[in-house]
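Listed here are the chains, written in short residue letters.
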Amino acid sequence: MTLLIRTFWRTRCFSPSVISAVGRGGGSLPLSWVKNRTFATTPISVMTGKKYTPRRAVMYVPGNDVRKIAKIPTLRADCIVLDCEDGVAISKKVDARKNIRQILDNKSIPLEGSTTELTVRVNSVQSGLCQEDLECILPTENLPSGIHLPKVDSVDELKWFLETSGKILKSSGRNQNATKINLIIFIESAQAILNLPKICQFAWDNVDKSYFIPDALVFGSDDYCADIGAIRSKEGHELLYARQYLVMVAKAFKLQAIDIVYIDYKDIDGLRLQSISGFHMGFTGKQIIHPGQVLPCQEAFTPPPEKIEWARELITEFEAHSKGGKGAFSFRGNMIDMPLVLQAKNIVELAQKINK
Amino acid sequence: MTLLIRTFWRTRCFSPSVISAVGRGGGSLPLSWVKNRTFATTPISVMTGKKYTPRRAVMYVPGNDVRKIAKIPTLRADCIVLDCEDGVAISKKVDARKNIRQILDNKSIPLEGSTTELTVRVNSVQSGLCQEDLECILPTENLPSGIHLPKVDSVDELKWFLETSGKILKSSGRNQNATKINLIIFIESAQAILNLPKICQFAWDNVDKSYFIPDALVFGSDDYCADIGAIRSKEGHELLYARQYLVMVAKAFKLQAIDIVYIDYKDIDGLRLQSISGFHMGFTGKQIIHPGQVLPCQEAFTPPPEKIEWARELITEFEAHSKGGKGAFSFRGNMIDMPLVLQAKNIVELAQKINK
Amino acid sequence: MTLLIRTFWRTRCFSPSVISAVGRGGGSLPLSWVKNRTFATTPISVMTGKKYTPRRAVMYVPGNDVRKIAKIPTLRADCIVLDCEDGVAISKKVDARKNIRQILDNKSIPLEGSTTELTVRVNSVQSGLCQEDLECILPTENLPSGIHLPKVDSVDELKWFLETSGKILKSSGRNQNATKINLIIFIESAQAILNLPKICQFAWDNVDKSYFIPDALVFGSDDYCADIGAIRSKEGHELLYARQYLVMVAKAFKLQAIDIVYIDYKDIDGLRLQSISGFHMGFTGKQIIHPGQVLPCQEAFTPPPEKIEWARELITEFEAHSKGGKGAFSFRGNMIDMPLVLQAKNIVELAQKINK
Numbered sequence: 001m002t003l004l005i006r007t008f009w010r011t012r013c014f015s016p017s018v019i020s021a022v023g024r025g026g027g028s029l030p031l032s033w034v035k036n037r038t039f040a041t042t043p044i045s046v047m048t049g050k051k052y053t054p055r056r057a058v059m060y061v062p063g064n065d066v067r068k069i070a071k072i073p074t075l076r077a078d079c080i081v082l083d084c085e086d087g088v089a090i091s092k093k094v095d096a097r098k099n100i101r102q103i104l105d106n107k108s109i110p111l112e113g114s115t116t117e118l119t120v121r122v123n124s125v126q127s128g129l130c131q132e133d134l135e136c137i138l139p140t141e142n143l144p145s146g147i148h149l150p151k152v153d154s155v156d157e158l159k160w161f162l163e164t165s166g167k168i169l170k171s172s173g174r175n176q177n178a179t180k181i182n183l184i185i186f187i188e189s190a191q192a193i194l195n196l197p198k199i200c201q202f203a204w205d206n207v208d209k210s211y212f213i214p215d216a217l218v219f220g221s222d223d224y225c226a227d228i229g230a231i232r233s234k235e236g237h238e239l240l241y242a243r244q245y246l247v248m249v250a251k252a253f254k255l256q257a258i259d260i261v262y263i264d265y266k267d268i269d270g271l272r273l274q275s276i277s278g279f280h281m282g283f284t285g286k287q288i289i290h291p292g293q294v295l296p297c298q299e300a301f302t303p304p305p306e307k308i309e310w311a312r313e314l315i316t317e318f319e320a321h322s323k324g325g326k327g328a329f330s331f332r333g334n335m336i337d338m339p340l341v342l343q344a345k346n347i348v349e350l351a352q353k354i355n356k
Numbered sequence: 001m002t003l004l005i006r007t008f009w010r011t012r013c014f015s016p017s018v019i020s021a022v023g024r025g026g027g028s029l030p031l032s033w034v035k036n037r038t039f040a041t042t043p044i045s046v047m048t049g050k051k052y053t054p055r056r057a058v059m060y061v062p063g064n065d066v067r068k069i070a071k072i073p074t075l076r077a078d079c080i081v082l083d084c085e086d087g088v089a090i091s092k093k094v095d096a097r098k099n100i101r102q103i104l105d106n107k108s109i110p111l112e113g114s115t116t117e118l119t120v121r122v123n124s125v126q127s128g129l130c131q132e133d134l135e136c137i138l139p140t141e142n143l144p145s146g147i148h149l150p151k152v153d154s155v156d157e158l159k160w161f162l163e164t165s166g167k168i169l170k171s172s173g174r175n176q177n178a179t180k181i182n183l184i185i186f187i188e189s190a191q192a193i194l195n196l197p198k199i200c201q202f203a204w205d206n207v208d209k210s211y212f213i214p215d216a217l218v219f220g221s222d223d224y225c226a227d228i229g230a231i232r233s234k235e236g237h238e239l240l241y242a243r244q245y246l247v248m249v250a251k252a253f254k255l256q257a258i259d260i261v262y263i264d265y266k267d268i269d270g271l272r273l274q275s276i277s278g279f280h281m282g283f284t285g286k287q288i289i290h291p292g293q294v295l296p297c298q299e300a301f302t303p304p305p306e307k308i309e310w311a312r313e314l315i316t317e318f319e320a321h322s323k324g325g326k327g328a329f330s331f332r333g334n335m336i337d338m339p340l341v342l343q344a345k346n347i348v349e350l351a352q353k354i355n356k
Numbered sequence: 001m002t003l004l005i006r007t008f009w010r011t012r013c014f015s016p017s018v019i020s021a022v023g024r025g026g027g028s029l030p031l032s033w034v035k036n037r038t039f040a041t042t043p044i045s046v047m048t049g050k051k052y053t054p055r056r057a058v059m060y061v062p063g064n065d066v067r068k069i070a071k072i073p074t075l076r077a078d079c080i081v082l083d084c085e086d087g088v089a090i091s092k093k094v095d096a097r098k099n100i101r102q103i104l105d106n107k108s109i110p111l112e113g114s115t116t117e118l119t120v121r122v123n124s125v126q127s128g129l130c131q132e133d134l135e136c137i138l139p140t141e142n143l144p145s146g147i148h149l150p151k152v153d154s155v156d157e158l159k160w161f162l163e164t165s166g167k168i169l170k171s172s173g174r175n176q177n178a179t180k181i182n183l184i185i186f187i188e189s190a191q192a193i194l195n196l197p198k199i200c201q202f203a204w205d206n207v208d209k210s211y212f213i214p215d216a217l218v219f220g221s222d223d224y225c226a227d228i229g230a231i232r233s234k235e236g237h238e239l240l241y242a243r244q245y246l247v248m249v250a251k252a253f254k255l256q257a258i259d260i261v262y263i264d265y266k267d268i269d270g271l272r273l274q275s276i277s278g279f280h281m282g283f284t285g286k287q288i289i290h291p292g293q294v295l296p297c298q299e300a301f302t303p304p305p306e307k308i309e310w311a312r313e314l315i316t317e318f319e320a321h322s323k324g325g326k327g328a329f330s331f332r333g334n335m336i337d338m339p340l341v342l343q344a345k346n347i348v349e350l351a352q353k354i355n356k
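From first to last, the protein sequence lines stand for chains Z, B and S. Here the first sequence is numbered in our numbering, starting from 1 and rising by one per residue. Here the second sequence is numbered in our numbering, starting from 1 and rising by one per residue. Here the third sequence is numbered in our numbering, starting from 1 and rising by one per residue.
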């Protein structure tokens with residue numbers, strides 16, 4: 001496959017007045033226009049003041065599986081998901097959620113100094129088990145950085161989740177303004193795809209009124225296939241529309257897009273191909289189910305060294321030009337504009353997080 | 001092509017209380033939430049109390065072609081469409097609709113004991129011929145099990161159809177609550193794709209107020225290609241988006257999805273490939289135009305024997321566990337939940353209908 | 001690749017009464033239904049009384065590049081875009097717009113008698129440079145036939161553009177009813193794709209209230225890829241959804257669809273393949289960046305001679321049958337209906353324009 005890596009060399013023009021207009025929400029454009037715009041290329045840290053969390057390899061570990069949990073510090077995944085849902089048998093649900101609560105309370109997984117993020121997947125709203133999960137886990141002193149909410153098919157489920165978790169966190173004495181947990185939304189059915197823009201809009205509309213900030217969409221392709229009656233091939237032609245649509249909506253709403261699981265965990269070449277295909281489509285990471293998938297997946301979702309170098313140089317030049325009062329400038333033969341600067345910042349932020 | 005047939009082995013968890021909440025429309029969730037939810041995996045028989053009608057091979061027969069009509073009993077297609085529309089010359093429209101009315105009145109096509117369904121395709125609302133078709137055909141004593149409405153581009157056409165046919169059926173003394181005809185909606189233009197969710201929603205919103213229950217979407221790819229100026233290749237890359245989008249919307253609204261015609265009726269290998277591709281995408285059947293296409297098409301859209309066996313065993317186990325008060329259970333190494341049970345019921349129902 | 005060129009041989013039935021119902025906005029159908037319908041196959045000249053402008057090869061020329069501008073008459077592109085935007089460095093913006101104004105005032109590019117259309121691309125609304133472009137260019141006595149508006153992400157930008165340009169044109173003494181400039185809208189981000197139907201609807205809703213008539217959508221794939229974080233391959237699998245979706249929406253709103261740039265201008269075989277792929281998807285033309293791309297691109301987007309002949313014969317027959325009072329008729333073994341007649345007119349119009 002011949003690739004044209006042009007993503008980061010595209011020319012846009014802008015003037016300094018535009019940046020300030022957008023930045024200050026003023027200028028000659030109507031305020032509502034500026035306010036309502038979504039800048040998909042803006043790093044979340046710029047938009048919200050919080051850190052960008054890279055999630056190239058998102059790995060599930062059953063919340064009740066003590067043996068697997070013990071291995072977490074050695075996995076070097078970007079994001080560990082302590083699971084209450086699909087990975088846990090119905091008879092082990094209570095064990096899983098209690099165990100996760102204990103792990104959080106005692107900080108018993110030694111991840112200090114590592115780049116691994118610890119998150120929790122609760123059961124879906126439809127399952128009837130979600131409330132018990134939330135009641136058990138959320139009153140901890142050490143909240144996870146993110147909660148994964150599976151099988152969100154409509155706004156109503158998200159609404160129920162935000163309200164229910166809100167009550168529990170309030171009872172635990174949490175302040176809504178001081179506590180913002182990353183919300184990772186799972187899209188796993190035809191209904192969910194149909195309702196996707198509404199779901200994302202609702203999540204953003206309720207950022208100020210809830211304890212959660214939308215951070216990523218995950219495409220649950222197996223449930224999706226089961227729902228629409230599709231049969232998965234290794235090439236995945238049958239998922240082209242759903243995957244590319246999900247990426248588009250995610251990016252329009254400033255969210256990460258986490259790609260499908262590659263279930264044949266012994267086939268590393270196949271994993272690599274599917275990971276690269278997802279990276280090319282615009283996915284920012286991938287769900288994994290086996291320790292052996294961590295490294296190939298991370299490699300596929302890491303910008304190559306020359307792109308990181310390009311980004312660092314570009315930002316240095318941009319800052320120099322900004323001080324000199326010049327808005328747009330030429331860099332390596334291309335006109336550089338704001339979207340490219342923001343992209344470069346994304347890349348550098350990602351590189352810093354993953355120690356590149 | 002290596003296939004991963006995972007559709008039916010996916011784990012979801014649920015508790016008995018959820019099922020009853022959903023079933024009774026109560027529980028701790030708001031009633032409107034339960035009421036408005038669409039369960040795409042639920043068999044139509046469960047949702048509506050009526051039978052699931054398999055339509056793997058959907059074959060058109062011109063309503064005025066006496067010779068072809070005589071052959072219907074030997075065709076063994078799942079669904080025969082007595083056609084008033086594209087298959088009938090404008091000068092033969094009157095003949096076609098009168099002939100179809102006679103066939104229905106006299107039950108003159110001997111299909112008793114066969115699994116073949118007899119349906120009618122009227123002319124499109126846009127054609128100006130639809131009202132005459134309905135006035136001629138609907139007053140019969142023996143209504144067809146389904147009416148195919150071609151070229152539905154917007155809600156307005158569907159509205160007109162439901163109102164017009166409603167008046168005719170009422171005049172004929174039909175009771176709206178006792179008479180529900182399957183409605184098969186044809187999507188054949190860019191406008192139709194754009195309006196698709198609204199069209200499906202309208203059909204469901206008017207189930208109680210009309211004589212029709214939405215049952216399937218048919219993708220009319222030739223008219224669609226003509227409409228958007230696309231040119232069809234055998235591989236069909238140019239239709240990937242439209243086909244996959246149509247399947248998604250169909251399943252989100254609990255409808256069957258009927259795939260495109262394969263026009264080169266002598267090329268059975270090509271038909272087989274395109275049929276399998278459609279089956280993998282989630283289509284439930286395919287339009288056909290020649291007797292030689294019936295069998296290859298049916299084979300492609302039939303679940304393989306091992307899946308039927310899996311479904312039968314699963315339902316047996318589910319019933320045993322339900323009696324014992326246990327909601328979810330392990331089956332062949334997987335946790336079984338409600339969507340899987342419903343899928344299994346779909347498969348068994350389909351298998352029963354097609355005598356497998 | 002085996003192609004089935006069936007687009008123009010499809011049968012639809014209609015009766016003369018339907019045509020008049022649609023034409024007069026009357027008949028038994030509700031007026032609103034007829035009024036609100038979009039006939040995607042209708043040539044724009046039929047819909048609006050203005051000429052259809054073929055744009056197979058749409059070529060950008062920087063508005064300040066005197067050397068390249070001098071070559072325009074020899075290029076034989078269908079549409080020349082005098083560019084204020086991406087092709088012009090920020091320090092040359094003033095030069096570019098002043099130069100374009102002079103070219104228009106003095107008609108200094110000798111294109112009389114040629115089929116090349118002269119248009120202008122202004123800077124995006126987001127750039128903050130658009131107003132100055134419009135204030136400089138629009139007061140000319142010789143308006144360009146079309147204005148290209150890049151990076152339209154939402155209705156608000158289009159609204160701002162229509163209002164701002166409206167004020168300038170009014171100040172210049174232009175009459176809104178007598179002046180209708182073709183508007184070519186660029187779709188270059190996830191937000192834009194998400195908002196696409198709303199953007200198109202807004203453009204049509206404001207036709208009577210503005211100086212612009214929507215005429216085409218252009219897919220700006222490089223900015224789109226940058227926006228969603230996708231990486232372009234030569235095969236372009238990562239853009240399948242966005243390209244096919246854009247064509248569908250364009251055609252639903254009676255707009256031309258202009259395909260992506262092929263940036264490797266030395267690779268003519270690759271250009272040809274990508275052009276043909278776009279033509280098959282329903283695109284009506286392609287953006288180009290080099291004189292060597294004009295001819296291969298035009299060839300790919302030109303209907304073959306046998307199709308032009310088919311169209312001419314069909315129209316002749318249609319006119320004969322219409323005089324005889326017969327609505328639909330058989331032609332080369334197919335029933336011919338209105339959409340096909342309109343398509344044939346499109347083809348003949350295109351062929352006339354390009355002297356075939």
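Since the hints were derived computationally from the structure, they do not count as laboratory data. Take these hints with a grain of salt, some might be off.
[Claimed, not checked] Facing chain B, according to a computed beta carbon distance under 7 angstroms, are these residues of chain S, among others:
#1 Lys107
#2 Leu111
#3 Ile231
#4 His237
#5 Ala252
[To be verified] Keeping only pairs whose Cα atoms sit at most 20 angstroms apart, straight-line, the calculated PhoX-like set for lysine-lysine is:
#6 S/Lys307 with B/Lys198
#7 Z/Lys198 with S/Lys107
#8 B/Lys159 with B/Lys170
[What the hints assert, rightly or not] Label pairs and their computed distance ranges (CB to CB):
#9 S/Asp267 with B/Arg272: 33 to 39 angstroms
#10 B/Glu299 with S/Lys198: 23 to 29 angstroms
#11 B/Asp267 with S/Ser330: 24 to 30 angstroms
#12 S/Ile289 with Z/Glu141: 56 to 62 angstroms
Computed from a predicted model, the values in this text were never measured in an experiment. Note that CB positions come from ideal geometry on N, CA and C, so glycine has one too.
- Item | Structure-inconsistent hints, enumerated in ascending order | Hint check: 1, 2, 3, 4, 6, 7, 10 fail, others pass.
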